Amino acid sequence: MEILMSVAAGILFMGGTYLVLSKNIIRIIIGTSVISHGAHILLLTMAGLKTGAPPLLGLEASSYTDPLPQALILTAIVISFGVTSFFIVLGYRAYKENGTDNTENMRGTDSYD
Amino acid sequence: MFTALHLAIIAPFLAAVFVPLLYKKIPSIHTGWFVLIVPAILFVYFLQYIPTTSEEGAVSAVFPWIPSLGIHFRAYVDGLGLLFTLLITGIGALVVLYSIYYLSKKRESLHTFYTFLLMFMGAMLGVVLSDNMIVLYLFWEVTSVSSFLLISYWYEREKSLYGALKSMLITVLGGFSMLVGFVLLYSITGTFSIQETIAATSETASHNLFLPAMLAILLGAFTKSAQFPFHIWLPDAMEAPTPVSAYLHSATMVKAGIYLIARLTPVFAVSGEWLWIVAGFGITTLFWGSFSAVRQTDLKGILAYSTVSQLGMIISMLGVGAAALHFDGANGNNVFIGATTAALFHLFNHATFKGSLFMMVGIVDHETGTRDIRNLGGLMTIMPITFTIAAIGSFSMAGLPPFNGFLSKELFFTSMVNITEFQQFNMDTIGMVFPAVAWIASVFTFIYSMIVVFKTFTGPLQKEKLDTKPHEAPFGMLLAPIVLVSLVIVIGFFPNVLSYTIIAPAMASILSPLLEQGQQFEVDIYFWHGFGTPLKMTIGVVIAGILLYLGMKKWKGVYRLFPEKLSFNNLYDQTLDKGEVLSQKIMGAHMNGFIRNYLVYIFAFIAAFLLITMFYKGAFTIDVSDTAPITIYESILFLVLFAAVGVMMFTTSRLTMIIGLGVAGYTVAMFFVIFRAPDLALTQLIIETVSVALFLLCFYHLPQIAKNLEPIRFKAVNFIISAAVGITVTLIGISAGSSRMFESISGFFKDYSYKEAGGRNMVNVILVDFRGFDTMLEILVLGIAAAGIFTMIRLRLAGRDEL
Numbered sequence: 011m012e013i014l015m016s017v018a019a020g021i022l023f024m025g026g027t028y029l030v031l032s033k034n035i036i037r038i039i040i041g042t043s044v045i046s047h048g049a050h051i052l053l054l055t056m057a058g059l060k061t062g063a064p065p066l067l068g069l070e071a072s073s074y075t076d077p078l079p080q081a082l083i084l085t086a087i088v089i090s091f092g093v094t095s096f097f098i099v100l101g102y103r104a105y106k107e108n109g110t111d112n113t114e115n116m117r118g119t120d121s122y123d
Numbered sequence: 068m069f070t071a072l073h074l075a076i077i078a079p080f081l082a083a084v085f086v087p088l089l090y091k092k093i094p095s096i097h098t099g100w101f102v103l104i105v106p107a108i109l110f111v112y113f114l115q116y117i118p119t120t121s122e123e124g125a126v127s128a129v130f131p132w133i134p135s136l137g138i139h140f141r142a143y144v145d146g147l148g149l150l151f152t153l154l155i156t157g158i159g160a161l162v163v164l165y166s167i168y169y170l171s172k173k174r175e176s177l178h179t180f181y182t183f184l185l186m187f188m189g190a191m192l193g194v195v196l197s198d199n200m201i202v203l204y205l206f207w208e209v210t211s212v213s214s215f216l217l218i219s220y221w222y223e224r225e226k227s228l229y230g231a232l233k234s235m236l237i238t239v240l241g242g243f244s245m246l247v248g249f250v251l252l253y254s255i256t257g258t259f260s261i262q263e264t265i266a267a268t269s270e271t272a273s274h275n276l277f278l279p280a281m282l283a284i285l286l287g288a289f290t291k292s293a294q295f296p297f298h299i300w301l302p303d304a305m306e307a308p309t310p311v312s313a314y315l316h317s318a319t320m321v322k323a324g325i326y327l328i329a330r331l332t333p334v335f336a337v338s339g340e341w342l343w344i345v346a347g348f349g350i351t352t353l354f355w356g357s358f359s360a361v362r363q364t365d366l367k368g369i370l371a372y373s374t375v376s377q378l379g380m381i382i383s384m385l386g387v388g389a390a391a392l393h394f395d396g397a398n399g400n401n402v403f404i405g406a407t408t409a410a411l412f413h414l415f416n417h418a419t420f421k422g423s424l425f426m427m428v429g430i431v432d433h434e435t436g437t438r439d440i441r442n443l444g445g446l447m448t449i450m451p452i453t454f455t456i457a458a459i460g461s462f463s464m465a466g467l468p469p470f471n472g473f474l475s476k477e478l479f480f481t482s483m484v485n486i487t488e489f490q491q492f493n494m495d496t497i498g499m500v501f502p503a504v505a506w507i508a509s510v511f512t513f514i515y516s517m518i519v520v521f522k523t524f525t526g527p528l529q530k531e532k533l534d535t536k537p538h539e540a541p542f543g544m545l546l547a548p549i550v551l552v553s554l555v556i557v558i559g560f561f562p563n564v565l566s567y568t569i570i571a572p573a574m575a576s577i578l579s580p581l582l583e584q585g586q587q588f589e590v591d592i593y594f595w596h597g598f599g600t601p602l603k604m605t606i607g608v609v610i611a612g613i614l615l616y617l618g619m620k621k622w623k624g625v626y627r628l629f630p631e632k633l634s635f636n637n638l639y640d641q642t643l644d645k646g647e648v649l650s651q652k653i654m655g656a657h658m659n660g661f662i663r664n665y666l667v668y669i670f671a672f673i674a675a676f677l678l679i680t681m682f683y684k685g686a687f688t689i690d691v692s693d694t695a696p697i698t699i700y701e702s703i704l705f706l707v708l709f710a711a712v713g714v715m716m717f718t719t720s721r722l723t724m725i726i727g728l729g730v731a732g733y734t735v736a737m738f739f740v741i742f743r744a745p746d747l748a749l750t751q752l753i754i755e756t757v758s759v760a761l762f763l764l765c766f767y768h769l770p771q772i773a774k775n776l777e778p779i780r781f782k783a784v785n786f787i788i789s790a791a792v793g794i795t796v797t798l799i800g801i802s803a804g805s806s807r808m809f810e811s812i813s814g815f816f817k818d819y820s821y822k823e824a825g826g827r828n829m830v831n832v833i834l835v836d837f838r839g840f841d842t843m844l845e846i847l848v849l850g851i852a853a854a855g856i857f858t859m860i861r862l863r864l865a866g867r868d869e870l
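From first to last, the protein sequence lines are chains B and A. When we follow this note's numbering, the leftmost residue of the first sequence carries the number 11, and every step to the right adds one. When we follow this note's numbering, the leftmost residue of the second sequence carries the number 68, and every step to the right adds one.
It is worth saying that the hints were derived from the structure and are not from the lab. In this text, all values refer to a predicted model and were calculated from it rather than measured experimentally. Note that the Cβ used here is the ideal one computed from N, Cα and C, for glycine as well. Hints may be right or wrong, so weigh each one.
Stated by the list, open to error - With the Cβ distance kept under 7 Å, some of the chain A side facing chain B (calculated, not the full set): (1) N785; (2) N828; (3) I833.
I would like the entire structure built from these sequences, with the hints used as guidance.
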């Protein structure tokens with residue numbers, strides 16, 4: 011199952027990268043979101059997906075799944091949410107200001123160089 | 068300890084601080100008068116070292132600067148250092164005196180001029196009196212910088228800036244290479260002290276870094292001393308005010324390279340390469356400089372090439388003099404010692420006559436408004452004193468009796484003839500080239516020396532071509548060159564004044580291994596030294612020179628064989644131009660302002676780097692023994708995820724895309740459920756919902772953008788790169804999952820979550836207790852994001868349109 015999940019993470023990374031490489035700002039932002047999903051899945055997978063009880067001691071099971079990657083992922087989810095929402099609003103504002111959602115057209119002034 | 072000697076070296080720097088102050092506060096007196104005190108006092112101060120160096124050898128004083136790195140400011144006065152020191156301070160004083168009359172108090176910004184000049188003087192003293200290589204390098208670069216500042220003194224002229232930049236680039240290139248050489252020497256000997264390095268010569272010579280160190284240091288010396296082919300900066304440095312040309316570019320700075328070669332001769336001269344390279348470059352420069360000088364029409368241009376050629380001559384003699392170290396002892400049959408004597412003697416002589424010639428040209432320029440020999444002529448009766456100076460200086464330069472140039476030229480011929488008797492390193496066969504080239508170069512030297520005198524002062528006076536009515540210069544301006552030409556004559560008649568006071572101690576520094584304790588070199592420079600080969604060569608030079616000078620119109624066409632296009636100047640200009648164009652092209656080609664391109668580089672690099680590393684290092688492993696089984700639920704979720712990603716990649720509808728993201732997010736949440744991560748699942752569900760809502764708000768409901776996106780154009784490059792990234796991640800995931808190096812530390816959380824932290828939800832205990840610090844900062848991230856969003860929405864800067 012680890013291999014299947016690695017493939018899933020790979021697919022998410024591939025899709026995310028493909029979107030990020032496009033010109034459209036929404037695609038780029040969604041691409042970053044997809045990549046972060048991939049990263050979370052990868053984190054979880056690499057720690058091992060051995061079946062055990064959820065990491066709640068009250069269950070008194072003989073084995074639990076590893077709680078540490080879960081804590082790490084939880085932090086990562088929240089941070090990626092913060093960044094994504096910032097991106098969304100930034101993209102929105104950029105669209106409002108520049109009148110375009112095409113990054114190729116967002117080139118500043120001509121005098122750049 | 069900080070001694071008077073250290074103070075003397077840095078005195079010009081200290082004095083430079085007060086120059087602007089004096090210039091502003093006492094405008095009625097020419098600032099140069101105050102400055103004159105510094106070199107005059109220093110000259111007198113250093114004169115008292117003459118008995119010390121000639122009797123006892125060297126004096127040194129150490130001031131620790133960075134002791135932990137072995138960098139001490141060790142002032143070291145020996146014969147060689149003192150010879151240069153006296154030149155620097157003596158000619159420095161004369162140049163300052165001359166500049167007082169040359170530079171107008173009203174028109175010029177004197178404070179900058181004298182500040183730079185004093186900086187240069189201090190740096191030059193530091194170069195010749197430092198025993199530590201790093202300190203020497205420091206002062207060396209200060210001479211480059213102050214020379215740069217002085218050349219561009221009239222900075223509103225484009226040619227001054229061009230000349231300054233050129234000299235800066237070339238000398239700093241060489242200086243840097245010299246630093247590399249010093250560091251290489253340090254890695255051989257473990258000391259930065261020159262004297263200790265000399266003491267360790269026997270070990271260094273066999274080291275395999277010996278040759279690289281030698282070449283790197285020689286590059287530094289050659290660029291500074293304007294040796295072929297790095298001589299090109301010197302003629303362009305003539306845009307500097309004439310006192311600067313006289314001081315820096317004839318008497319002192321260009322001799323820093325000579326100093327370095329002379330100073331390190333005991334270290335490197337054991338090798339044949341040193342002898343060949345130093346003597347070979349010297350003789351080439353001698354010929355090329357004198358050959359090029361004849362084609363010049365600007366007096367300063369002639370003198371610049373003449374300086375180049377004379378420096379080449381000195382360096383070739385130093386190279387030949389190094390042969391002396393291959394024989395034992397300072398006894399009479401070691402004829403190669405004479406070359407070193409000649410080099411030092413000519414070094415001194417050149418400073419005297421070249422300084423006076425530059426000052427003479429400055430006077431002519433000052434009084435007529437031009438330096439072009441095509442416009443000059445017939446000044447002999449109008450400016451008799453200037454003419455006398457020019458004649459004495461030029462005849463000395465040409466090597467005519469009874470001036471000092473004659474003596475050094477005779478010694479030069481002697482050493483060039485002697486080198487053919489050297490039995491090592493092919494000198495006895497190919498070495499024949501040296502006297503031959505030296506003779507031809509001397510003929511050219513004779514020709515341009517005659518041009519300097521006769522084209523300027525004889526012939527018809529061309530009044531219509533001169534800006535001002537010419538007249539004799541004021542006495543103050545003539546004083547400094549008169550002192551110098553007096554030296555030319557005095558040394559011509561009484562050359563032995565210098566022998567044991569200056570030259571023998573300097574030789575002792577260069578050829579130190581030859582001397583026993585308490586021994587001294589015998590230096591005898593006779594005015595009449597017998598009717599030998601050198602004298603015949605000189606007579607030949609005079610006859611050939613006169614014939615060629617008179618018939619110059621006929622053979623001038625020779626110069627068309629070497630058009631400007633083939634010159635090293637052109638190569639330098641082309642290198643700069645092409646380099647600039649090329650770097651602009653390279654920059655423009657990859658930094659084109661499109662984010663997509665940069666992302667392509669980044670992703671392609673990541674994928675390529677990781678894949679190559681993984682396979683090259685054999686890091687990829689698959690181990691399926693430890694994996695969990697695949698169930699139907701995961702397979703279904705996997706397919707859903709796959710479909711969602713596919714939809715997102717290729718849809719053109721904004722809404723479909725956002726929903727696709729939502730589907731992917733919920734699927735991930737489902738995975739979290741399956742993999743026994745309840746907290747993750749909860750968080751993921753909520754956050755995905757909020758994100759999707761935000762996406763909808765911003766990109767679907769709020770703006771007036773078309774609901775559909777432009778269809779994404781399928782780009783093979785993008786697809787390949789993203790597939791590569793996906794594959795890389797998959798492989799890393801599989802490989803990392805398959806090779807576990809050690810047990811997880813999570814057993815700790817299981818054992819202690821309740822015992823230590825009093826909680827049963829291990830994930831939550833980790834988040835707020837064991838690793839609470841992460842959580843705090845994560846809260847901060849959210850806070851910053853919220854504040855940022857609020858700012859972006861609410862804040863409207865006034866006048867933003869102008870930005």
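Each hint, compared with the structure:
1. N785: holds (4 Å)
2. N828: At about 6 Å, which falls below the 7 Å cut-off, the nearest Cβ of chain B leaves the hint on A:N828 intact, so it holds.
3. I833: holds (4 Å)
This entry satisfies every hint, going by the numbered hints stated previously.
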